[in-house]
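Chain order of the listed sequences is U and H. Here the first sequence is numbered in the numbering used here, starting from 7 and rising by one per residue. Here the second sequence is numbered in the numbering used here, starting from -9 and rising by one per residue.
By construction, these hints were calculated from the structure, which means they are not laboratory data. This one's a predicted model, so the numbers in the text were calculated from it and none came from an experiment. Please note: incorrect hints may appear among the correct ones.
So the derived list for chain U, only partly shown, Cβ under 8 Å to chain H, looks like this [as the list claims (entries may be wrong)]: (1) P85; (2) L154; (3) D188.
Beyond 12 Å from chain H on every Cβ pair, some chain U residues (computed) [said to hold, decoys possible]: (4) Q45; (5) L63; (6) P153; (7) I383.
No residue lacks a Cβ here, since even glycine has one placed at the ideal position from N, Cα and C.
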Amino acid sequence: MNIGRRSALLGLGSVATIGGASLAMASAPGEKRFIVVIQRGAMDGMAAVVPHGDPGLTALRGATPEGLLDLGGFFGLHPALAGMHEMYQARALLAVHAVAGPYRVRSHFEAQDYLESGADHRMTSGWLNRAITAAAGNALAVGVSVPLLLRGPAQVGNWAPHGLAEPPPDLYAAIAAMNQTDPVIGPAIANGLKARGFSDRTLMDEPQATNRNAFPALATAAGTMLKAPDGPRIAAMEIGGWDTHTAQANRLTGPLKQLDAGMVALKAALGDAWKHTAVLIMTEFGRTARINGTGGTDHGTGSVAFVLGGEVKGGRVLANWPGLGPGKLFEDRDLAPTTDLRSLAKGLLAEHLGMSGPALDQVFPGSASAAPIRGLIG
Amino acid sequence: MAVSIGSPFVTVRDTSWLYGAGMDTNPIHAMTRFGLGRRASEPLPTDPVGWLLGQLRADGAPRIDPFPNTQTGLAALQDDRVNKPAPGKSAARALFVAQAAAEFDQALTTPTPFRERLVWFWTNHFTISLRRGECTAVACAFIEEAIRPHVTGSFADMLLAVERHPAMLMYLDNARSAGPNSLAGQRRHLGLNENLARECLELHTVSPLAGYTQADVTAFARLLTGWSIEVQGEPKGFVFRPNTHEPGEQTVMGRGFPPGEEGGIAALRFLAAHPATHRHLATKLVRHFVADNPSPDDVRRIESVMRDTSGNLGAAAAALVHLPAAWVPGTKLRTPRDYVVAAVRALDLPEGNRPNMIGIAGLLGEPFMVAPAPDGWPDKATDWSSPEAMMRRIDWANAFAGRLGPRDPMEIADLTLGPLLRPTTIEAMRRAGSRRDAFTLMLTSSEFQRR
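The shape of chain U in the complex, shown without the other chains (with noise of 0.2 Å):
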């Protein structure tokens, strides 16, 4: 077991380990750090990484946004990531469009498990952990909890800071609303609310101030921790509020603010370590193509995801367009998924961490049909 010095001083209880002392000194952990970012709830990524190009958009959206940030031509970036936006003007963000893991579940719960899993079932690991065994590294969850996936047989680190425990406004507005006539918890909530800046029934539908920096905190931890020389390498973070069946417009800008906060302060804190890194931000699935009655969207399938850092062969959106026309949609309700999320975090193990074929097997079991996606890093 090989504790890292850094992650002892920090008072990690079980202290980032790498999976077995033997593979430890068989391949030292080198300089690559190795982030992911799992957004919690299902990020809508027809409005992150919008295809304004795309002639059927309008009769699913309506009039596009204003404000977007261009991403070369067919698609905009949301304007809450102007700070992302940077990066990809730095060639160092790549957006994967139309991404979808292998299953068609369309519950947060059995999603999240496919997604961390790393397949079309859950299992009793996630894919990191599985990948820390093979690339050898330590490996550190940011945040509460060692999320699905990075459990699994090689020990990882938890670190969590104080004071950000603060749960997101919509989850918030879930217990106002079901405690909604309790006659003493009720208005005691409703009050708490209010003394804490959010605004009074509307709660569900404008942009929230407030916890706005928990996230960005989190990913300046993160990125400390990982820059030190022998610290640890590999970490998973989370973040909600992705959920947004109403008022999509305006709820979807916090969290999106909160995400690009996030990743600014994250290559901030990451120094000179930042040009060893990829980031890989993933969501269980997309939402409906359609707007709903309520101004929100409803689980989907297809959506966007990230990769960012150094390396990245950034400044462009990869994707096979499945297109928005009539009988492009899947089911006829969501973007169709023409990327394998697989393909993608196997070509960053690959690519970035150097793994093998057989390596990359084992850690996404049965995935024969998703090949790595090549030229990501480099």
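With the hints as your guide, set chain H onto chain U.
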């Protein structure tokens, strides 16, 4: 704490808004109202009333480990007085931290949670607080020596054990109280401290409704002079010091008591058996186990049981179980301590993987054994439902929900709340964006926050 809007006296009898009719809520309710919430691994009682009454007959719980006792506590206190350690480094503090953790662990694993709740209730009734620093050394010993052995026994025995316990003698300043006409009082001009006598009358026994006077307080305080603590010498613990005891007979509430240690004991036995004491205790018991605003009939029922059994606390507890109103779910709000323990029980976390429940109870507003005043922690929903208090619960619940791991929140909700689960909560959990969010919703739901 106060709620800024809404009636502070919400009628809690009608909880139809909370729970649907028809399903048998009794088994899970018994574990919630009288116990500490269901552990996922715990079987539901098929006979809820029998399950509760059985706990009153036998204490199946193991002794907490490390087992606190006054001797060890006072030895630590003496060490600290000699060694003068830095703040937070005292021997007494170390003892307390270990013992308090054991008390919370007991709450998670006890086979007799109703008994445990009675221990909590009576510990709060006879509040001692770490706000008086020296109590730290013997706070848990107080629970284990003065409270726990008596929760189903006679109130008089508990009262005696409490008022003679070094923790109480320290907390309410009796250890240094001296009769002005005692030997020591005359020589060293020491005087009376009425604190223990006053709080014993006002809070522990008859309550102001009994109409006692300042003269009664003073006379009772004189009777209790000499009730002190041996800290330096051996044996450590309660000691009666005749040289500080006020000579002469004293009259308390119309009754004469002789001087000497026996006089104080007789006065306590008199107070324990007083009808006003039975009324006072019955009111508090019904408020704690039935409803914030107890119905007079229910109070009278418990009061009569107390009277008929000469203050048998086991009989009073059994009578509470038999009150029909006690079986209406959701009329009480869980206090922070209750809430944290119930949450950890719901997840059934193994030893070594549990959050710092003492710290969390403090964070949520109910630090363990640190009540602000001798009247203890309040016992109404409005006392625990300030907006900030509720927000802290939510924030903590959200953090704690991160420990759910790969487990199914709906299954846990079904186990811990069962028929108490409202459709609204189930729907909200189903719509949640993650397992963790769903579990946060369960923990913050009205039905989980209430009991």
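Say whether it holds or is violated: P153 of chain U keeps its Cβ farther than 12 Å from all Cβ of chain H.
P153 of chain U is in fact no farther than 12 Å from some Cβ atom of chain H, at 9 Å.
Interface restraint verdict for L154 of chain U against chain H (beta-carbon cut-off 8 Å)
holds, 6 Å
Examine each Cβ of chain H, and state whether all of them lie more than 12 Å from the Cβ of Q45 of chain U.
Not fine: 10 Å to the nearest Cβ puts Q45 of chain U too close to chain H.
Checking the smallest CB distance to chain H, is I383 of chain U really beyond 12 Å?
About 30 Å separates I383 of chain U from the closest Cβ of chain H, which puts it past 12 Å; holds.
Against chain H, is D188 of chain U within 8 Å by beta-carbon distance?
holds, 4 Å
Interface hint status, P85 of chain U versus chain H (Cβ within 8 Å):
violated, 23 Å
Just double-check L63 of chain U for me: nearest Cβ-Cβ distance to chain H has to come out over 12 Å.
About 25 Å separates L63 of chain U from the closest Cβ of chain H, which puts it past 12 Å; holds.
Checked against the numbered hints above, the structure breaks hints 1, 4, 6 and satisfies the rest.
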